[in-house]
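Protein sequence lines correspond, in order, to chains A and B.
Mapped onto my numbering, the consecutive letters of the first sequence carry residue numbers 1 to 203.
Mapped onto my numbering, the consecutive letters of the second sequence carry residue numbers 1 to 655.
Derived by calculation from the structure, the hints in this document are not laboratory data.
Just so you know, these numbers come straight off a predicted model, no measurement behind them.
The calculated label-pair distances, taken between Cβ atoms and stated as ranges, are:
1) B/LYS289 / A/GLN36: 54 to 62 angstroms
2) B/GLY473 / A/ASN157: 39 to 47 angstroms
3) A/ILE83 / B/GLY654: 35 to 43 angstroms
4) A/ALA163 / B/ASP432: 53 to 61 angstroms
5) B/PRO107 / A/PHE74: 50 to 58 angstroms
Calculated Cβ distances over 12 angstroms to all of chain A for the following chain B residues:
6) VAL42
7) GLY68
8) ASN120
9) ALA158
10) ARG201
11) ASP214
12) TYR384
Here a beta-carbon is modelled for each residue, glycine too, at the ideal position from N, C-alpha and C.
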Amino acid sequence: MNSMQPISRILILLSSLIMVALFFVPIWQIQMWAPQYPEWLSMHIWIDNITGDIAIINGLNHYIGMKEIHVEMFPEFEIMPYILGGIIALGIILALIGKQFGVWTYLVVLVLAGIAGMLDFYLWSYDYGHNLDPTAAIKVPGMSYQPPLIGSKELLNFLAFSAPDIGGWLAVAAGVLGIAAAVIEVRKRIQYKTAKRNPLVIK
Amino acid sequence: MKIKQVFRITAVSAAIVAMGMATGCRPQTSGSQSVGDAASRVYVAPGEHDEFYNIVSGGFNGQISVVGLPSGRVLKIVPVFSAHPENGYGFSEESKPMLNTSHGYVPWDDLHHIAISTTNGEHDARWAFANGNNTPRIARLNLNTFETEEIIEIPNSAGNHSSPFITENTEYVIAGTRFSVPIGTDEDNDVSIDTYKKNFRGTVSFIKVGNQGDMSLAFQLVTPGVNFDLSRAGKGKSHGWFFFSTYNTEQAHTLLEVNASQRDKDFIMAVNWKKAEEYIKAGEGNLVKARYAHNKLDHNTHTASSTMMEEVLQLDPKLLKDIIYFIPCPKSPHGTDVDPTGEYIVGSGKLAALIPVFSFTKLMKAIEDKDFEGEYDGHPIIRYESALHGVVDKPGLGPLHTEFDGRGNAYTSMFVSSEIVKWDIETLEVLDRTPTFYSIGHLSIPGGPTAKPHGKYMVAYNKITKDRYLPTGPELAHSAQLFDISGDKMQLLLDFPTIGEPHYAEAFPATLIKDKQVKIYRIEDNNHPYVTKGAGNARVERDGNKVHVYMTSIRSHFAPDNIEGVKVGDDVYFHVTNLEQDWDVPHGFAIKGANTAEILIMPGATQTLKWTPDRPGIFPFYCTDFCSALHQEMSGYLRVSPANSTVALKSSLGE
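With the sequences and hints as input, model every part of the structure.
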């Protein structure tokens with residue numbers, strides 16, 4: 001009864017293996033459009049790096065007093081690979097152990113990591129958009145430049161768009177697999193309980 | 001007769017004469033006949049791109065203009081042989097060597113012809129070659145940066161008109177001299193002009209083109225003293241041969257208008273350049289002294305260098321047989337053009353009433369059979385009829401140039417009768433004719449000189465403009481006309497004004513190069529000796545009376561922007577590095593009183609403006625290319641003190 005269903009073990013294993021890809025593809029993207037940039041400027045956030053048109057974005061942002069973006073300003077990049085590695089290892093170990101609690105543990109860790117990541121991203125973007133250089137050339141009263149957490153937002157002449165990148169979508173997929181495993185386990189449990197009450201129904 | 005009657009008759013006669021004078025009894029002439037839907041056929045909607053790049057010579061402006069087809073819009077002016085204050089070409093320290101010659105700095109030339117590089121006779125559009133006519137030079141442009149990358153001077157040439165034409169795999173660019181001149185040492189060349197026949201020689205030069213486009217003067221053929229006009233390489237079956245039109249085979253040295261128009265036939269000179277290569281391999285060439293400049297741009301240092309060359313390898317085809325054959329061609333041929341198959345060679349005798357078409361197969365047979373009708377200065381003359389495929393009868397007046405559409409048709413421009421005549425290469429039958437406005441020189445079909453023409457359009461480059469545009473005083477823009485040649489009839493679509501005086505142009509599909517365009521130069525790759533990587537390294541340094549300013553530019557400031565300690569009599573070198581790494585963000589630099597020009601610095605590049613202050617005072621400098629919302633703030637001050645001043649040299653930003 002305390003064991004995972006074989007299918008759940010496969011799902012958890014698959015879920016953690018999918019996340020290995022996050023070492024090789026960006027997780028999040030911020031795209032910016034302006035009349036002068038019909039080709040869009042883009043910024044890609046990886047677990048340990050930030051790439052894209054950073055120099056151009058920094059050049060433009062200095063007019064409104066935003067800080068220059070550098071890899072060094074994100075201490076998260078130092079620890080994120082370890083956190084990701086930990087989650088992957090946890091998933092594999094739990095799948096190998098094959099106990100039902102493993103499904104709950106894995107899912108909770110995954111969801112908490114996701115929430116923590118988004119919260120961290122929000123806090124950084126709040127600071128980045130609000131903490132402006134008082135000597136900036138262009139000051140628009142009441143204006144801040146926090147990019148949207150997800151979706152799009154107009155910021156002066158720019159339209160900013162924030163969304164998961166390939167890695168983000170893979171993480172979502174990993175989460176969906178985890179949820180699927182949980183659903184399977186819950187249904188099995190209900191089935192088991194029903195069967196206990198009414199043994200004839202058992203297949 | 002009553003007085004009243006006389007008066008009446010006189011009045012009626014006067015009225016008739018007046019009406020005649022006012023309305024004119026002249027016959028109607030053909031006006032411009034554009035087709036009804038011409039506008040929509042040349043319309044390129046906002047934000048859309050043209051189908052063809054058209055690389056157009058600028059003639060006496062020494063530049064090349066880049067024009068989109070079918071719209072006729074000018075996309076860019078590329079300075080080649082002429083200094084260009086607009087971007088500092090020929091004024092910046094980096095670009096001055098590009099215009100160096102054995103005569104020193106020559107900031108102008110007369111640019112006539114374009115050759116777009118080919119592989120297997122088809123456009124690959126890696127480079128464009130252009131000729132400097134006056135101080136003989138050949139330039140090479142990179143078509144991914146649209147910059148002049150290399151210029152090589154041609155020694156023993158005068159009036160580099162018969163160039164730059166290329167072999168089918170761009171093995172060679174050739175340069176034939178228009179004027180024959182004495183070609184010995186400077187002392188030998190001081191001869192009486194009337195010794196033309198004895199002392200004057202022609203040369204055709206073969207410039208080897210390397211894999212990266214690098215040019216080197218491989219060899220020169222020394223020829224009888226004649227004028228070379230134009231030339232074309234053989235292709236396909238005639239690959240290995242080159243054909244040059246000649247005039248003044250009379251060898252006149254004065255009043256050429258008359259004296260060089262006496263013979264019924266001049267020549268097309270056929271050159272077996274593979275044979276010449278064999279002779280060179282066999283060590284038959286003579287290395288002779290010659291002085292010519294070879295100038296080259298290095299993209300990593302953004303700097304051109306000029307090397308003075310000392311020798312050239314010459315071959316004497318009078319002694320080395322089988323290199324040169326002369327084919328008689330009626331009346332001072334101008335263009336000599338080879339059809340896409342390489343079989344037919346069209347000579348356009350500009351004073352002839354017919355167009356002779358020669359057959360390469362027949363030419364080879366005549367050479368094999370030694371079917372000669374005599375010698376010209378020791379070189380065999382092929383029997384005219386033996387090499388002739390046939391003639392186009394009564395094509396029009398003043399044939400100049402012929403291009404091809406790849407569908408078996410040839411198109412010849414007629415200067416005197418101001419028209420283009422379309423004819424069938426095989427049957428030599430005239431198929432269509434259309435007027436041009438006015439007096440066409442060159443004509444150009446995209447891919448027209450290649451083994452695989454792109455066809456579709458044809459552009460006429462006219463020599464006379466008159467009433468085609470709003471009048472602008474005595475000097476008018478030279479007119480060009482775009483025709484649709486996809487059907488049986490040539491259809492006039494568009495008139496467009498041009499820059500300078502275009503002679504030849506070549507067009508090719510935009511898809512060949514548009515995705516390869518360089519957008520920025522990587523700052524990491526900038527190896528300019530005076531590069532400043534980052535505003536933190538901006539500084540000024542004194543070296544005797546030279547002051548080097550290591551300056552950066554980025555939206556929207558220069559670093560440094562305050563400079564003091566410069567003295568009257570100093571030479572100030574502003575080495576400006578554009579730190580931008582974004583497409584289409586050049587910065588300019590100009591300082592008050594500079595008697596040169598501005599410099600325009602591309603993203604990631606470094607350019608240097610030399611400036612010699614002539615008086616004490618405060619001299620503002622500023623960015624000349626509207627770069628950003630705070631462009632007007634992108635400026636600085638330089639203080640100049642008297643020569644004996646003790647003001648310390650210093651620079652700052654934001655202090």
